[in-house]
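Since chain F is already given, all that's left is putting chains X, G, U, B, A and Y on it; use the hints.
Chains as they are written, first to last, in my numbering: chain F, 34 to 283; chain X, 34 to 283; chain G, 34 to 283; chain U, 34 to 283; chain B, 34 to 283; chain A, 34 to 283; chain Y, 34 to 283.
Treat the hints as calculated values from the structure; they're not laboratory data. These figures come from a predicted structure and were not determined experimentally. Yeah, the Cβ is synthetic: ideal placement off N, Cα and C, and Gly gets one too. A hint or two may mislead.
As the list claims (entries may be wrong) - The following label-pair restraints were derived from C-beta to C-beta distances:
| no. | chain 1 | residue 1 | chain 2 | residue 2 | range |
| --- | --- | --- | --- | --- | --- |
| 1 | Y | Asp125 | B | Asp262 | 32 to 40 Å |
| 2 | U | Glu219 | G | Glu229 | 50 to 58 Å |
| 3 | G | Asp97 | X | Gly228 | 16 to 24 Å |
| 4 | A | Arg137 | F | Arg135 | 19 to 27 Å |
| 5 | F | Arg129 | X | Glu273 | 38 to 46 Å |
| 6 | G | Glu140 | U | Glu282 | 39 to 47 Å |
| 7 | F | Asp125 | G | Asp97 | 49 to 57 Å |
| 8 | U | Glu219 | B | Asp125 | 45 to 53 Å |
| 9 | B | Asp125 | G | Glu229 | 56 to 64 Å |
Stated by the list, open to error - A few chain X residues that face chain F, going by a derived Cβ cut-off under 10 Å, partial list only:
| no. | residue |
| --- | --- |
| 10 | Gln58 |
| 11 | Val59 |
| 12 | Glu67 |
| 13 | Leu94 |
Said to hold, decoys possible - Computed footprint of chain A on chain Y, listed as stretches where at least three residues anywhere in the stretch have a Cβ under 8 Å from a Cβ of chain A:
| no. | segment |
| --- | --- |
| 14 | 149-155 |
| 15 | 189-202 |
| 16 | 239-245 |
| 17 | 261-273 |
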Amino acid sequence: MDSSAPQQAYDRGNTIFSPDGRLYQVEYAREAVERGSPSVGVVTDDGVVLAARKRVRSPLLEADTIEKIHEVDDHLAIASAGHAADARQLVDVARRVAQHHRVRYGEPVGVESLATHLADHVQEHTQTGGSRPFGAALLVGGVDPGRPGEGVGQPRLFEVDPSGTPYGWRAVSIGNGTDGIRRFFEDRLEGDLPGETQRGIATALEALATTAESDLEPESLDVWTIDSDAATVERLSADEIAAVLAELES
Amino acid sequence: MDSSAPQQAYDRGNTIFSPDGRLYQVEYAREAVERGSPSVGVVTDDGVVLAARKRVRSPLLEADTIEKIHEVDDHLAIASAGHAADARQLVDVARRVAQHHRVRYGEPVGVESLATHLADHVQEHTQTGGSRPFGAALLVGGVDPGRPGEGVGQPRLFEVDPSGTPYGWRAVSIGNGTDGIRRFFEDRLEGDLPGETQRGIATALEALATTAESDLEPESLDVWTIDSDAATVERLSADEIAAVLAELES
Amino acid sequence: MDSSAPQQAYDRGNTIFSPDGRLYQVEYAREAVERGSPSVGVVTDDGVVLAARKRVRSPLLEADTIEKIHEVDDHLAIASAGHAADARQLVDVARRVAQHHRVRYGEPVGVESLATHLADHVQEHTQTGGSRPFGAALLVGGVDPGRPGEGVGQPRLFEVDPSGTPYGWRAVSIGNGTDGIRRFFEDRLEGDLPGETQRGIATALEALATTAESDLEPESLDVWTIDSDAATVERLSADEIAAVLAELES
Amino acid sequence: MDSSAPQQAYDRGNTIFSPDGRLYQVEYAREAVERGSPSVGVVTDDGVVLAARKRVRSPLLEADTIEKIHEVDDHLAIASAGHAADARQLVDVARRVAQHHRVRYGEPVGVESLATHLADHVQEHTQTGGSRPFGAALLVGGVDPGRPGEGVGQPRLFEVDPSGTPYGWRAVSIGNGTDGIRRFFEDRLEGDLPGETQRGIATALEALATTAESDLEPESLDVWTIDSDAATVERLSADEIAAVLAELES
Amino acid sequence: MDSSAPQQAYDRGNTIFSPDGRLYQVEYAREAVERGSPSVGVVTDDGVVLAARKRVRSPLLEADTIEKIHEVDDHLAIASAGHAADARQLVDVARRVAQHHRVRYGEPVGVESLATHLADHVQEHTQTGGSRPFGAALLVGGVDPGRPGEGVGQPRLFEVDPSGTPYGWRAVSIGNGTDGIRRFFEDRLEGDLPGETQRGIATALEALATTAESDLEPESLDVWTIDSDAATVERLSADEIAAVLAELES
Amino acid sequence: MDSSAPQQAYDRGNTIFSPDGRLYQVEYAREAVERGSPSVGVVTDDGVVLAARKRVRSPLLEADTIEKIHEVDDHLAIASAGHAADARQLVDVARRVAQHHRVRYGEPVGVESLATHLADHVQEHTQTGGSRPFGAALLVGGVDPGRPGEGVGQPRLFEVDPSGTPYGWRAVSIGNGTDGIRRFFEDRLEGDLPGETQRGIATALEALATTAESDLEPESLDVWTIDSDAATVERLSADEIAAVLAELES
Amino acid sequence: MDSSAPQQAYDRGNTIFSPDGRLYQVEYAREAVERGSPSVGVVTDDGVVLAARKRVRSPLLEADTIEKIHEVDDHLAIASAGHAADARQLVDVARRVAQHHRVRYGEPVGVESLATHLADHVQEHTQTGGSRPFGAALLVGGVDPGRPGEGVGQPRLFEVDPSGTPYGWRAVSIGNGTDGIRRFFEDRLEGDLPGETQRGIATALEALATTAESDLEPESLDVWTIDSDAATVERLSADEIAAVLAELES
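For reference, chain F alone in the conformation it holds in the complex (with noise of 0.2 Å):
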């Protein structure tokens, strides 16, 4: 992004638009959410799979301390891109409002309600004084309870950006390299699903991989998935990633 002198007289604050009605800090703050490693979603026929790529700067950091998705719920997750530090202050509210709502509803929350929650939160700090904008985008996967008796959840996927709007989507990419996943997706997918989970992992790796200057790693991956029918969250192996990076390049 290119600083030149008129935008510079509007970009030092949330409370103040630019003469053509732009908000350069949230600008701004998407800028660093392009500069984080990628997550990606995939809603899949049976549940909903969340990948990430890890930037593990040493054979001795801990990657797995590397928090790129988060467990939220039993049947919720997240998958951030972007500032670190902020997208975990995103996550703790996201893990309040899930648990404030079993508590008070005695029910698990719904995936767009609490994304919309989420985004309520982002939008406020880009309209007050004294804080900025979060330099963090997020993926909220999770499944909808399907009725009593019915069994069978609904997958649901959604993004937040740092304007703090909430968007729907079948497969979706936040941080580098999103403009050639969602081409990769648009292309792979044609509009519909990928099939089951393990089409959705694969797909979800596969959309990675794009941005990867050499294979990718499975320590370098996070890979969750939430299951439509049981309505929890599961974290793969690094051996169950391998197992599904070995049979892409076969």
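Here is chains X, G, U, B, A and Y on its own, set in the frame of chain F:
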């Protein structure tokens, strides 16, 4: 909008007038509305029609989750244009006001009363420091309850602009292309209502078509009606929208 | 108003005097009033007349919803000029004060008392930081209750300007063209009241006509009367306004 | 006042001294007082006289509503010069203090005590941020109650300036033309009181006449007396003022 | 004081040190003190003498109301120099502290204890934002109560400067001409006390005379004594002052 | 770090992103960490080793009082680098959290849980105005309690950086010379743990030695161990450190 | 300290790091300490000695009231250098902490504990906006109580600098000439304590003499001792100081 030197001295915040008595931040917020895809509202003989164009960036996006028109209460909906996250905050305010009114007075809130309440909220964000104006305009459409025994309610349609002023309209547009749509409405309606709801829907879609470079697609349109008799809000399905579009083209 | 360099150093906020003891933000707020279409008030032998011109941008706009004159209490109305959203906030304050007075003292608030209260509120917005002056002027017209047994009330008319000063008038104008209207009033009335209400209405409309490039239209006019006897506020219908206009032209 | 470059660095707010130890905002507030039409106060043998000139912009303006002198309590009135809206805020403070004193101590507030209280309030607005000094000066005139059995009260006259300092005077002027009026008082009175109330009124009006380009008009004058015996505030009618003016001219 | 460019970067507020560790706003507040007419204090064998020059701008000004020396408690008075309104605020603080001490501990507050309390209050206004330092210095003179049975109290004299530091003195000056007065005191007293109260008064007036261009006038002087035996504050009448002046001239 | 013109526009506070999505104040806080002498942490087969170099400016300084490593709870210690006063504030937070956890849950706080809590606290200081980021990084080393009956705890080691992100490590360095130490650790450990505690201590001191211009002195070193079995923190004496150093040199 | 252009961008407040990770306001506060006359502390075999030079501007100044060393509790005193008013605020904090500790725990506060508490207070004034760092450094000297039955306490000496870091010392100086005094201490003591209290006093005065242009005068010196046995603070009389000085000169 040109950003010449003199104005720059007075356009950095809410708490300052320019020498010629203008509030530049409010005018810039209007630019943010102008950047958004348009929404229109039309009062008909038997209710109100709200319609909006949506930017569906990708076939993978769930178009339903792009919120341009929001149900606020059984008898009242709001269409928006401009900064989507800002609009959602205002819709949240609207829902709280409507719910509070029902609980306190045991009856639905009046359309003008709600629009006025929102306008007050918007104005406060143009006068105090530590915030910025809302970069969104709203169309508040609804039905004022008929007197007991009379049955039919009165359809009303209000615009709330970023300065915090409410205006009542028979047909109105906000967002990109508003000038052209207004001329279309004035030419077509010549001061009258368009007739029954179906004619209103057609007129609304024709109006939106004036701003589109190609044919309108059902999935990038949101159309809602509020019926005077039933005082209920209803959303048209993609098929229903497609049917209207087909009829228009024929 | 010229924006020369020296003044620019002292015109960016409420909390600062210029070296010559001026409050530029208050003066700029007066410019905002000057930009608005005019409102006039006239005290008559039997009450007060308030009249205002409205800018009806489109035949589709419901002219009734452009609020230039507002009923505040049975015996008191307020006409405004300038920033409409700011004026509405002040009218809200006025209504709360009037209602509070009735509840607490069991009688209508005095006209001067209400104008003074509003002026105090306006002044506070010229002295403290974190806000800006109100970009609106008000005409507070009403009837002070007569003593018990005397029956007839006393008509009063006050201007509240953006500095927060109340002035009592027999005939007055705010908004665009005020200087011309004042000269008209002074020439026409020569210090007297115009007579009965009907003469007052005619005089008010003649005054507004001095600022119009073409003939006045009933739908772009708002005319209200407050009657000394009944101490009630009434709004003229479009037909009643048309009748006065016709008489004036004849 | 010249606005040379060096001073400009230190004149933008309350919370800053200039290198030579001056508070420019207070000095600019004094300029605001200088811009206002003058008020004078004179202590006489049997009370205090307060008199003020008013700018009556139009014959349609109700001159009575231009408030330059305000009754604060039975035994105490305040004349002001400068920013009228600021002065009214201070008078409101004065009234609350006087009322509170009566309720709490069962006796009228002392004149010096009230002037000191107002001066404290004014000073606070010269030291803290988020506000500006008051652009008004006050003359507090009143009668301190005589000791029980002694009957006659003591007339007192205090000036409160924008820095928040109270000064006691035998005869004093604030507002436009103050230097000339002070010389007039010094020449005329030679340190003595002018005699009885009637002489005091005449002296006050003669003093105001030194600042007028043409003859004084009764309707542009406000004259009040506080009587030591009765400890009551009274306002002269236009006829009474006219009589004094006639006598002066003869 | 020269206002060269480098210092200007660091002299705009309380919350900032200059690169060489100075607090410019405190130094500018000292300049405000230097601009004020001088006050002096002298410890004598049997008490403390406080004396001050006053600027009596006009023979019509009631010189008694120019407050340079203030009684704070039976045994304690404060003389000030600099910004009079600021000094009065500090005297108000002193009175509250003294009264609180009497109520809480049933005995008069110690002189050093009061001076220290005031100094703390002054310091706080040099460290926090949203305010400015006090532009006044104080001389706190009083008598510390003797032990029960010993009878005679201990006279004490403290200076509180705008930085908020208390200093004990045997003889001291604040305000305009302080350097000359200090030299006078050092030459005259050679480290001793001047003797009894009458000698102290004479010494104080001689000191003030060194700053005057013409002979001192009783009405432009304020002289107070605090007696060690009686622990009471007394103010000299104009006649008493005149007598001392006459003696000095003879 | 170069301070070129464009970046200067965006590096003055927490509440602002640069056009390329960076938070300069956080990056400058990282520079403050880089200026500090290094601390290292190593996970061993039977616990965690924390070691730090201290700048002992003078032989008169009590080296023990230079706090680089702090005991937080029986089972948990924190090493810091950067601004010492900032680090101590964070250690105070850590102690309160650990104590609160013991009181509330009756068990020691988890190591990752504590590191996460600290990271949240640090992040908040990067997003809100009125503060600055912490100029310190932390190494949180401790032992997560084993399951009842299992006995042995799990050693954990976390870095908390000035952005507020926690990372888990097997061996890590913060402060001056971090890049070199990381390479040393990677070469030496080849992804493994160094073995038992004694080997861990030796490895930690060897790592610190890579940043020293001369031989390490026991008194400028701080070495602590947390034992997995006992879950207790212990500090090495100077003699114990000297013994390890001697062994390394041999 | 040079005030070159680049640094100026980052030295105007607490809430900002410079690009190289420095806190300039803290460094400028250190300059304020450097401007103050020096204070020294020395730990001896049987206690702690605190000594300070005072600037006695005039023989009329009561040197005792220049507070450089303050008793905080029976067993603990604080010497300061730099901005005297700032130091007094910190001493007030120290006294409250010591008193609170006695009341709450029934025993004297530990020396290191008090120094740490003060350091925390100082640090907070370096991180938040709306204030500035303290322009003073402290030497906290005292005796930690011996275990019951052991009798003799442990002498401790801490420096608290403007960054808010506490350091323990055997001998230390703050204020003007600190570098020279440190070298003197290092040469003289060679890492040992100076012996008994009398030797400690002599060493402290010798150290202060290195910064004086002429012989030290007893009245410009403040010397206090804290005795390990009795755990009591005592101040040397001028005669006692003169005796030590005489011995040093002989």
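List in ascending order the numbers of the hints, as given earlier, that are violated by the structure.
Violated hints: 8, 16, 17; rest satisfied.
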